[in-house]
Amino acid sequence: QGQLVESGGGLVQAGGSLTLSCAASRSIFSIVTMAWHRQTPGNQRELVAFTTSSGTTNYADSVKGRFTISRDSANNTVYLQMNSLKPEDTGVYYCRVVTTYYNYWGQGTQVTVSS
Numbered sequence: 001q002g003q004l005v006e007s008g009g010g011l012v013q014a015g016g017s018l019t020l021s022c023a024a025s026r027s028i029f030s031i032v033t034m035a036w037h038r039q040t041p042g043n044q045r046e047l048v049a050f051t052t053s054s055g056t057t058n059y060a061d062s063v064k065g066r067f068t069i070s071r072d073s074a075n076n077t078v079y080l081q082m083n084s085l086k087p088e089d090t091g092v093y094y095c096r097v098v099t100t101y102y103n104y105w106g107q108g109t110q111v112t113v114s115s
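Residues in the sequence shown are numbered from 1 upward in steps of one, following the numbering used here.
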């Protein structure tokens with residue numbers, strides 16, 4: 001059974017940077033999309049960014065120009081580089097991997113941005 005392991009969350013001051021990583025186990029194959037979602041306090045989970053197997057990337061308007069998603073296909077890993085962080089970016093960030101047969105979710109990693 002495949003699993004996703006996330007890392008890189010933490011506490012950072014406004015204007016700072018963090019990089020999240022999500023490693024999918026080798027048993028996960030036929031990956032179509034790798035994505036990051038987040039759930040901020042009082043809100044529903046939202047899509048932050050995704051990248052497809054063809055190289056397409058897309059971002060939520062709230063993070064465009066500040067966040068960058070990238071993937072290492074050889075190692076089944078996706079990253080989220082977050083710059084110019086704002087207090088409203090605080091939340092739990094979840095990795096998602098969509099394959100042709102299943103939709104995997106990570107356990108979530110906390111990101112806290114202090115003002």
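Calculated from the structure, these hints are not laboratory results. Treat the hints with care, as some may be off.
[Claimed, not checked] Think about it this way: if two alpha-carbon atoms lie no more than 20 Å apart in a straight line, the pair counts; the simulated SDA-like pairs of lysine to any residue are: (1) K86 / S53; (2) K86 / G42; (3) K64 / V113.
[What the hints assert, rightly or not] Estimated spans, in silico, between C-beta atoms of each pair: (4) P87 / G2: 18 to 28 Å; (5) N103 / T68: 35 to 45 Å; (6) Q110 / S70: 17 to 27 Å; (7) G16 / S73: 24 to 34 Å; (8) S115 / S27: 14 to 24 Å; (9) G2 / E88: 25 to 35 Å; (10) Q110 / N75: 31 to 41 Å; (11) R45 / R66: 37 to 47 Å; (12) Q3 / S53: 15 to 25 Å.
All C-beta atoms, glycine included, are put in the ideal place defined by N, C-alpha and C.
A quick look at each hint next to the structure:
no., hint, verdict
1, K86 / S53, "violated, 30 Å"
2, K86 / G42, "holds, 17 Å"
3, K64 / V113, "holds, 18 Å"
4, P87 / G2: 18 to 28 Å, "violated, 34 Å"
5, N103 / T68: 35 to 45 Å, "violated, 23 Å"
6, Q110 / S70: 17 to 27 Å, "holds, 22 Å"
7, G16 / S73: 24 to 34 Å, "holds, 29 Å"
8, S115 / S27: 14 to 24 Å, "violated, 42 Å"
9, G2 / E88: 25 to 35 Å, "holds, 32 Å"
10, Q110 / N75: 31 to 41 Å, "violated, 24 Å"
11, R45 / R66: 37 to 47 Å, "violated, 19 Å"
12, Q3 / S53: 15 to 25 Å, "holds, 20 Å"
Taken one by one, the earlier hints fail for this structure at numbers 1, 4, 5, 8, 10 and 11, listed in ascending order.
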